[in-house]
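Colleague: Each chain, written out:
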Amino acid sequence: GQSLEQPSEVTAVEGAIVQINCTYQTSGFYGLSWYQQHDGGAPTFLSYNGLDGLEETGRFSSFLSRSDSYGYLLLQELQMKDSASYFCAVRDQGDTGRRALTFGSGTRLQVQP
Amino acid sequence: DTEVTQTPKHLVMGMTNKKSLKCEQHMGHRAMYWYKQKAKKPPELMFVYSYEKLSINESVPSRFSPECPNSSLLNLHLHALQPEDSALYLCASSQALASGYNEQFFGPGTRLTVL
Numbered sequence: 001g002q003s004l005e006q007p008s009e010v011t012a013v014e015g016a017i018v019q020i021n022c023t024y025q026t027s028g029f030y031g032l033s034w035y036q037q038h039d040g041g042a043p044t045f046l047s048y049n050g051l052d053g054l055e056e057t058g059r060f061s062s063f064l065s066r067s068d069s070y071g072y073l074l075l076q077e078l079q080m081k082d083s084a085s086y087f088c089a090v091r092d093q094g095d096t097g098r099r100a101l102t103f104g105s106g107t108r109l110q111v112q113p
Numbered sequence: 001d002t003e004v005t006q007t008p009k010h011l012v013m014g015m016t017n018k019k020s021l022k023c024e025q026h027m028g029h030r031a032m033y034w035y036k037q038k039a040k041k042p043p044e045l046m047f048v049y050s051y052e053k054l055s056i057n058e059s060v061p062s063r064f065s066p067e068c069p070n071s072s073l074l075n076l077h078l079h080a081l082q083p084e085d086s087a088l089y090l091c092a093s094s095q096a097l098a099s100g101y102n103e104q105f106f107g108p109g110t111r112l113t114v115l
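Going line by line, the protein sequences match chains A and B. The letter at position 35 of the first sequence is residue 35 when you use the working numbering, and the numbering goes up by one with no holes. The letter at position 22 of the second sequence is residue 22 when you use the working numbering, and the numbering goes up by one with no holes.
One chain only, chain A, in its complex shape (with noise of 0.2 angstroms):
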């Protein structure tokens, strides 16, 4: 089966920067993805980390070490509307074979003025 591991809640203040790690077990790693989703919304793609190393995409970064089974999501400049819930999800081979996306229980990020 396959297991994600990340803190439930982070709080930081507008401008810091922060960071939610993600680790995992999985079967059959396809690599590991960040979706961001607020209250009351749907789930939006951040970034994909299919290789080790650094994917920036503006204020966000994500990191992959596959050897050691881990990841994070980098939020740098923070803004109120950051406040949401981020979700590290593996794509895997699964028990069955399949290759679909399993979701981390999540990190709800409170930013403060």
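Any given hint might turn out to be false.
What the hints assert, rightly or not - Computed cross-link-like contacts, DSS-like style, restricted to lysine-lysine with a CA-CA straight-line distance of at most 27 angstroms:
1. A:K81 / B:K41
2. B:K9 / B:K53
3. B:K9 / A:K81
4. B:K38 / B:K9
5. B:K40 / B:K53
6. B:K41 / B:K22
7. B:K40 / A:K81
8. B:K22 / B:K9
9. A:K81 / B:K36
10. B:K53 / B:K19
11. B:K38 / A:K81
As the list claims (entries may be wrong) - Which residues of chain B face chain A? A partial, calculated answer using Cβ under 10 angstroms:
12. K40
13. S55
14. A92
FYI, nobody ran anything at the bench for these hints, they're computed from the structure. Owing to the predicted nature of the structure, the values given are computational and were not obtained by experimental measurement. Yeah, the Cβ is synthetic: ideal placement off N, Cα and C, and Gly gets one too.
Assemble the complex: chain A is given as a structure, and chain B must be docked to it using the hints.
Modeller: Just chain B now, with coordinates in the frame of chain A:
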């Protein structure tokens, strides 16, 4: 058009009712998904259709019945639901069900309440 639409936005139904949720995308995606999400929890995969064929059923009770009439539409038929089935039902699509990078686009969801 990079949008996934879902109707209705809200649905209240009794345990003996039959209702359907609808999902539509016009991005030419060949994989479509149904997820169930409870408050403060991650989306849980229910079904996946790949090229209009059911590819994954995550041991979902038979009171949930998916249907993919064509490559743009996905339905979820509901019958004899239980109050614990109350949740946000999300539809998503992606280019294909394949390994590697495969961004999923989510619809806004249907908020279902079972009385």
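Colleague: All the hints need checking, so say for each whether the structure fits it.
Modeller: Here is what the structure says about each hint:
A distance of roughly 20 angstroms separates the Cα atoms of A:K81 and B:K41; the hinted pair therefore holds under the 27 angstroms criterion. Simply put, B:K9 and B:K53 have alpha-carbon atoms about 26 angstroms apart, close enough for the 27 angstroms limit, and the pair holds. A threshold of 27 angstroms between alpha carbons decides the hint, and for B:K9 with A:K81 the separation of about 24 angstroms falls inside it, so the pair holds. A C-alpha spacing of about 16 angstroms is found between B:K38 and B:K9, which places the hinted pair at or below 27 angstroms, so the restraint holds.
Under the criterion of a C-alpha separation no larger than 27 angstroms, the hint pairing B:K40 with B:K53 is inconsistent with the structure, at around 31 angstroms. For the suggested pair B:K41 and B:K22, the alpha carbons sit about 23 angstroms apart, so the restraint of at most 27 angstroms is met. Distance check on the hinted pair: B:K40 and A:K81 sit about 18 angstroms apart at the alpha-carbon level, within 27 angstroms; holds. This hinted pair checks out: B:K22 and B:K9 have alpha carbons roughly 10 angstroms apart, not beyond 27 angstroms.
Pair hint A:K81 plus B:K36 holds up; C-alpha atoms about 25 angstroms apart against a cutoff of 27 angstroms. Taking the CA atoms of B:K53 and B:K19, the gap is near 22 angstroms; set against the 27 angstroms cutoff, the hint holds. Distance hint between B:K38 and A:K81 is fulfilled; the C-alpha atoms sit about 23 angstroms from each other, no more than 27 angstroms. Here the hint on B:K40 is kept, as its CB sits about 8 angstroms from the closest CB of chain A, short of 10 angstroms.
For B:S55, the interface hint holds, since its Cβ comes within 10 angstroms of a Cβ in chain A; the closest pair sits about 7 angstroms apart. A hinted interface residue such as B:A92 counts as satisfied when its beta carbon comes closer than 10 angstroms to some beta carbon of chain A; here the least separation is about 8 angstroms, so the hint holds.
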